[in-house]
Amino acid sequence: MATLDSKIPPGPLADKWRNHKANIKLVNPANKRKYEVIVVGAGLAGSSAAATLADLGYRVKNFVFHDSPRRAHSIAAQGGINAAKNYQNDGDSVYRLFYDTLKGGDYRSREANVHRLAEVSINIIDQCVAQGVPFAREYGGLLANRSFGGAQVSRTFYARGQTGQQLLLGAYSALSRMIGAGAVEMHTQSEMLDLVIVGGQAKGIVVRDLVTGAIERHAADAVVLATGGYGNVFNLSTYARGSNATAIWRAYKHGACFANPCYTQIHPTCIPVSGDYQSKLTLMSESLRNDGRIWVPKKKEDCAKDPNSIPEADRDYYLERIYPSFGNLAPRDVASRAAKRVCDEGRGVGPTGLGVYLDFSDAIKRLGENGVRERYGNLFDIYHEITAESGYRTPMRIYPAVHYTMGGLWVDYNLMSNVPGLFVLGEANFSDHGANRLGASALMQGLADGYFVIPYTIGDYLATQKPGSRPNADGAEFKAAEENVRAMTKRFLDIKGREPVSHFHKRLGKIMWEGCGMARTKATLEKALREIPALREEFWQNVLVPGSADTLNQSLEQAGRVADFLELGELLCLDALTREESCGGHFREEHQYPDGECKRDDEKFNHVAAWEYQGKDKAPLRNAEPLNYEFVKPSVRSYK
Amino acid sequence: MVAENTTKNLSITLRVWRQAGPKAPGRFVDYQSKDLNPNMSFLEMLDVVNDELTLKGEEPIAFAHDCREGICGTCSCTINGKPHGPGHGVATCQVYLRAFRDGDVVTVEPFRAAAFPIVKDLITDRSAFDKIQQAGGFITARTGSAPDANALPVPKGDADRAMDAAACIGCGACVAACKNASAMLFVAAKVSHLGLLPQGQAERDRRVLAMVSTMDAMGFGNCTNQYECSAACPKLISHDFIARMNADYLKASWRSVFKPEPASSAGGAG
Chain A
1 MATLDSKIPP GPLADKWRNH KANIKLVNPA NKRKYEVIVV GAGLAGSSAA
51 ATLADLGYRV KNFVFHDSPR RAHSIAAQGG INAAKNYQND GDSVYRLFYD
101 TLKGGDYRSR EANVHRLAEV SINIIDQCVA QGVPFAREYG GLLANRSFGG
151 AQVSRTFYAR GQTGQQLLLG AYSALSRMIG AGAVEMHTQS EMLDLVIVGG
201 QAKGIVVRDL VTGAIERHAA DAVVLATGGY GNVFNLSTYA RGSNATAIWR
251 AYKHGACFAN PCYTQIHPTC IPVSGDYQSK LTLMSESLRN DGRIWVPKKK
301 EDCAKDPNSI PEADRDYYLE RIYPSFGNLA PRDVASRAAK RVCDEGRGVG
351 PTGLGVYLDF SDAIKRLGEN GVRERYGNLF DIYHEITAES GYRTPMRIYP
401 AVHYTMGGLW VDYNLMSNVP GLFVLGEANF SDHGANRLGA SALMQGLADG
451 YFVIPYTIGD YLATQKPGSR PNADGAEFKA AEENVRAMTK RFLDIKGREP
501 VSHFHKRLGK IMWEGCGMAR TKATLEKALR EIPALREEFW QNVLVPGSAD
551 TLNQSLEQAG RVADFLELGE LLCLDALTRE ESCGGHFREE HQYPDGECKR
601 DDEKFNHVAA WEYQGKDKAP LRNAEPLNYE FVKPSVRSYK
Chain B
1 MVAENTTKNL SITLRVWRQA GPKAPGRFVD YQSKDLNPNM SFLEMLDVVN
51 DELTLKGEEP IAFAHDCREG ICGTCSCTIN GKPHGPGHGV ATCQVYLRAF
101 RDGDVVTVEP FRAAAFPIVK DLITDRSAFD KIQQAGGFIT ARTGSAPDAN
151 ALPVPKGDAD RAMDAAACIG CGACVAACKN ASAMLFVAAK VSHLGLLPQG
201 QAERDRRVLA MVSTMDAMGF GNCTNQYECS AACPKLISHD FIARMNADYL
251 KASWRSVFKP EPASSAGGAG
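Going down the list, the protein sequences come from chains A and B.
According to the numbering used here, the residues represented by the first sequence are 1 to 640, in order.
According to the numbering used here, the residues represented by the second sequence are 1 to 270, in order.
Do not rely on the hints blindly, as some may be mistaken.
What the hints assert, rightly or not - When the alpha-carbon atoms are kept at most 25 Å apart in a straight line, the in silico BS3-like pairs for lysine-lysine are as follows: (1) B/K56 with A/K496; (2) A/K506 with B/K34; (3) A/K305 with B/K8.
What the hints assert, rightly or not - Now the stretches of chain B that chain A is said to cover, found in silico as 3 or more residues with beta-carbon under 8 Å: (4) 33-41; (5) 120-132; (6) 142-152; (7) 192-202.
The hints are simulated quantities; they were obtained by calculation from the structure and are not laboratory data.
Virtual Cβ for every residue (Gly too), placed ideally from N, Cα, C.
Please put together the full structure from these sequences, using the hints given.
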């Protein structure tokens, strides 16, 4: 059984991080250059960590599967980044941001971690502005803010609809500076395929050069994974196509615990699926719900009709009907589940029947078409580009889609996993969002981990490692890991089955979405848990991976990622089945209040579930880390 | 939706550049793609073609893609001679089949430029862009040393113009569209983004000189004011920034004659 010591520092909440920084071990400047750190991933967390660690004097190697570190999927975040600056003088504070984030996570995160996140949020904005991130400004030249995701204060900083891109380019520029200075050795188009453990500690990785197919071994004093979330286990999601869980999954198979895999977030306002060929779902800002009214026809037979021809009396504005006080602004998870229910009843619209109308005709009557264009023009353009329909003329169609995973590898307060020397940052870890992430908090966490947490906490581990004690990449453990990777690659190519990789990914996505999507029940989860192993079996018998291993081979890359999703999906469902409560993004239909709100069970489930791999074909072990609420009393999360 | 149900599916002939590796000879190969939903994206069509090729025992077409929502800058096909295809202000992943007609022959090539060598099929190596960034595309701001974000007000007009330039996604369409394969729009966007902000002033001269000289060393051509770059840019970045960079470059060169930078910043107190 894994030892899960969260290493939460003692003392008052607001002093924990300061005291911890004052007490953890330091590495002296002359010794820093003797340590080598591997950072995998170059999104917000990875590139900010790589740049900062290199600037501190560590020797850093950064690996990404992309052709440039600037392309990581952090780039796609639209809305903004939260920070407790209180620039609007509207009563915001570190405590309020802490409290909102903790409550938003439905009381399933650690108080100390979330408070630290709120504290360093302030430094993030300073850092980004110093780098030249062009945040929106007011006419007086000061930074502009907006309120986001139902927050009662304006604490969100933004750069048009491209906040993620601008923050990533800021981190990328810092990383570029260090690459140019020779302080970071950059490996693009290199995919981590195994973790190397020496003497119980993470000491290296094995990567495949995606262009030449060469398998390489890299040794280091510590390994940092910042490889993002695992939402593509659902196949269709708002994630980039390349986003994958391979790095964290293979670390899991070396003993790193996987925490709360069932905490997944589903966003209500995405453009619906249009056919089987679909590869990607596109998110539209949920600000649309401020003025749009959501409805479906009352009668099934009306679903194929032109929506404009359906009289008012035959429309069901179901959110307004079921949630009269919140109406169309009901929280993300509530709105998503309601859409699913009406579609399950056969009242969904659009060619696939999986869609609901988002209607602006009332808003146009009230504000005029130009008024609506001023507020939402860019979103109507995105919609038009994808669907060739005008949201001004006919109601838009929307449907929920997977877009973030709160679960991830278990880490302690230092962001170290239970495998010594293995650190996990950003969406890849489980740490700060509990069971649900609030809008504009993902960017905050990625940069907090990379710029302001790991640069201090990694020293606490490295100081225990003798300088120069780094193992040689020719050691037995490295060779074994390389052999493992080579064997797996060969196995994929040798199956020569009858179905392409995409076939299995699509089927897995369907099982996951139906069994473990927006609303989960014991029955749907048990069904998924029967279907996934069968599909996995079929994959290993019947997948067809063309080409060879010694060249760029995108089918081979995809095969490895899907093979891992076929295992991770099972763990996700198992976690969802075991967690007999509803909280945040994890909704078990058996556990709800009459109004559809999540019903937590704090007595039995006020803990982190950290799953530990026990070997092939063996059930994983469920470890529990209790969540001790010292400062805030968990209550029923209500937004009414 | 009513409109979609009445829209006819289409069939097109894809004429795709196939090239096994950087040194291998390349050629166009025709593929028939039938019964396509016009709401399918161009890259989704390639997914379908690739699955068909896989089942036939042929190697799928390698193409670069990731976010599929026009922001990561990975996708990079020249479609019917135009980088990113027939749309205006969009990346390849935002092209939908309704832009084509039933029976069309559609040519698909990689972005062509000497500085972007072909890796395989439709994938090119654009690491030259990263090299230019590494030479000076940054503001030195050591983590932890930043002053309060509101300590330095930035006029809204400057911040907005910096943002216009910062919207660049680094895809390289500007280079592929230019008859000289010039990277001036890309470099000008970064030089202008940082040069317009007060935080970027300390390194302004050094930045433009270093980035331009690296651009030249990477084998990109010169600008001859054709403006094809802005026309192909998925973010519609204006060629006005090139003029701005030229002015910056001239001033920086002039100043560097009289005030050359010290060869090394090392040494000093001790």
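Report task. Sort out which numbered hints this structure fails and list those numbers smallest first. Result -> Of the numbered hints, all hold.
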